[in-house]
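There are 4 protein chains.
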Amino acid sequence: MLRMDVKELDRFLDEAFPQARTFGFEIDELDEEHIRLRLPVSKQHLRPGGTVNGPVLMSLADSATYMLVLARLGPVALAVTVSLNINFMRKPRPGVLLADARLLKLGKRIVVAEVRISGEDEPELYAHATVTYSLPPDR
Amino acid sequence: MLRMDVKELDRFLDEAFPQARTFGFEIDELDEEHIRLRLPVSKQHLRPGGTVNGPVLMSLADSATYMLVLARLGPVALAVTVSLNINFMRKPRPGVLLADARLLKLGKRIVVAEVRISGEDEPELYAHATVTYSLPPDR
Amino acid sequence: MLRMDVKELDRFLDEAFPQARTFGFEIDELDEEHIRLRLPVSKQHLRPGGTVNGPVLMSLADSATYMLVLARLGPVALAVTVSLNINFMRKPRPGVLLADARLLKLGKRIVVAEVRISGEDEPELYAHATVTYSLPPDR
Amino acid sequence: MLRMDVKELDRFLDEAFPQARTFGFEIDELDEEHIRLRLPVSKQHLRPGGTVNGPVLMSLADSATYMLVLARLGPVALAVTVSLNINFMRKPRPGVLLADARLLKLGKRIVVAEVRISGEDEPELYAHATVTYSLPPDR
Numbered sequence: 047m048l049r050m051d052v053k054e055l056d057r058f059l060d061e062a063f064p065q066a067r068t069f070g071f072e073i074d075e076l077d078e079e080h081i082r083l084r085l086p087v088s089k090q091h092l093r094p095g096g097t098v099n100g101p102v103l104m105s106l107a108d109s110a111t112y113m114l115v116l117a118r119l120g121p122v123a124l125a126v127t128v129s130l131n132i133n134f135m136r137k138p139r140p141g142v143l144l145a146d147a148r149l150l151k152l153g154k155r156i157v158v159a160e161v162r163i164s165g166e167d168e169p170e171l172y173a174h175a176t177v178t179y180s181l182p183p184d185r
Numbered sequence: 047m048l049r050m051d052v053k054e055l056d057r058f059l060d061e062a063f064p065q066a067r068t069f070g071f072e073i074d075e076l077d078e079e080h081i082r083l084r085l086p087v088s089k090q091h092l093r094p095g096g097t098v099n100g101p102v103l104m105s106l107a108d109s110a111t112y113m114l115v116l117a118r119l120g121p122v123a124l125a126v127t128v129s130l131n132i133n134f135m136r137k138p139r140p141g142v143l144l145a146d147a148r149l150l151k152l153g154k155r156i157v158v159a160e161v162r163i164s165g166e167d168e169p170e171l172y173a174h175a176t177v178t179y180s181l182p183p184d185r
Numbered sequence: 047m048l049r050m051d052v053k054e055l056d057r058f059l060d061e062a063f064p065q066a067r068t069f070g071f072e073i074d075e076l077d078e079e080h081i082r083l084r085l086p087v088s089k090q091h092l093r094p095g096g097t098v099n100g101p102v103l104m105s106l107a108d109s110a111t112y113m114l115v116l117a118r119l120g121p122v123a124l125a126v127t128v129s130l131n132i133n134f135m136r137k138p139r140p141g142v143l144l145a146d147a148r149l150l151k152l153g154k155r156i157v158v159a160e161v162r163i164s165g166e167d168e169p170e171l172y173a174h175a176t177v178t179y180s181l182p183p184d185r
Numbered sequence: 047m048l049r050m051d052v053k054e055l056d057r058f059l060d061e062a063f064p065q066a067r068t069f070g071f072e073i074d075e076l077d078e079e080h081i082r083l084r085l086p087v088s089k090q091h092l093r094p095g096g097t098v099n100g101p102v103l104m105s106l107a108d109s110a111t112y113m114l115v116l117a118r119l120g121p122v123a124l125a126v127t128v129s130l131n132i133n134f135m136r137k138p139r140p141g142v143l144l145a146d147a148r149l150l151k152l153g154k155r156i157v158v159a160e161v162r163i164s165g166e167d168e169p170e171l172y173a174h175a176t177v178t179y180s181l182p183p184d185r
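Chains as they are written, first to last, in this note's numbering: chain B, 47 to 185; chain R, 47 to 185; chain V, 47 to 185; chain Y, 47 to 185.
Everything labelled a hint here was simulated from the structure, so no lab data went into it. All C-beta atoms, glycine included, are put in the ideal place defined by N, C-alpha and C. Be aware that one or more of the hints could be misleading.
[Said to hold, decoys possible] Among chain B residues calculated to face chain V with C-beta under 10 Å, some are:
(1) THR68
(2) VAL128
(3) ASN131
(4) THR178
(5) PRO183
Using the sequences and the hints given, assemble the complete structure.
In structure tokens form, the structure reads like this:
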């Protein structure tokens, strides 16, 4: 069951995380096990030479997981990232980045998700991350 | 394209890695992007209390990746594990473990795979790993 | 403060984890923030060609963390590995392996340690791991 | 041996990575095995509530490793992050962040570093990362 839909997540972001808005992603798809964020790459995400910055991909992986946690649990402000592991496989091409996060575990205290980052119309992955969140005990 | 099929991998294991045989896994499925190892859990894999040892799951993830590298590249004796990241999600139940490794990247020098470990007839994952191998430059 | 000293850890291992004994490590040093395990490499740890098996290093990193958790918290049978990340840097030489685990965090519910694996009389690291344990809520 | 000192790294950053400048870190210490970056936390790094954003810490870990690679190898523009693993241990307090990167391996093709992130006058770590870079074959 989803406790927040895309509109509610958007409103939450606008109010609580205006930086996320500046960063530039949008929620493209959402169901109980999966979320897709969409990030049109702009100048702020690039290294000279036109490569997308690694931290942009890490940030996107973290955000996708957080959005999915919120969608499932409601506005748990205190959910925090415990660990993040990311492998960078290919240099992203300019254009639109897609981050697909899927739940591997939604426990009482620990959430684990995997995130695949790819380009639009691009079959091969740019990066793969696993992200762990810790949930507050009393929510 | 596969350079080694299941029979050839089996023969390679018998000759070069008799310990793998003692460890007890079998190759259950193999195609170009995916391998499934099957490990019937026995006494040697258990902690007292009947829990499957964490290192058994790590070993299985590493082996699945290695078998898939061999299948794709032929008997590359010098392929070595560079890094392994594993998240343990659920306590495995006694029975048969399945490890499904899929290629995320097969580069000239780096191979990245993700491995999902589950039980037979068990929908939820026990563990998820990403494994990186380095390939020798001149093969 | 230590709740178990080396003798008590040894006794606990003998009783509860006879496999750990078969695996072959000994506790070499112990203080509040650090433990050193010592593993004389034997035939069971080797791949043909004389390389120490990657899973041997992973297992050693996991065990060192677990021993340090026990030393600090007492016999918490239900402490479980949540995640393990390991980088393999150099091929271990035959001889004695040392695993030095140090606490990065000892929280109420999460323990994080880093583990450095080296050889005796060997300045450079063979492997570096970070290991996360989860603690049961009511202990 | 260092191929670039702090001044040369600063000049390289100014020319090639003006974003790094916007991000705000400075090189505080540098020797052959170690670099310390210093980041005075400002509004751009915070989530509402005053928490430092996780991606800020990841970005800092990645940058510290990259600066150390440059210092040792000279301006290797094509060094790329292969993987990054980070554990978040404590909520950073507002003030100055320090990122201490140390080389675990400087190979021909792979560099591995560990990065400890703490606060100034703060004994306990906020985060611990291991970062792997791949080097171009012909440099």
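Verification of the hints:
Because the beta carbon of THR68 (chain B) sits about 31 Å from the nearest beta carbon in chain V, more than 10 Å, this interface hint is broken. A hinted interface residue such as VAL128 (chain B) counts as satisfied when its beta carbon comes closer than 10 Å to some beta carbon of chain V; here the least separation is about 7 Å, so the hint holds. About 6 Å separates the beta-carbon of ASN131 (chain B) from the nearest beta-carbon of chain V, less than 10 Å, and the hint is met. The interface hint given for THR178 (chain B) holds, since its Cβ lies 7 Å from the closest Cβ of chain V, which is under the 10 Å cut-off.
Because the smallest distance between the Cβ of PRO183 (chain B) and any Cβ of chain V comes to about 8 Å, under 10 Å, the interface hint for this residue holds.
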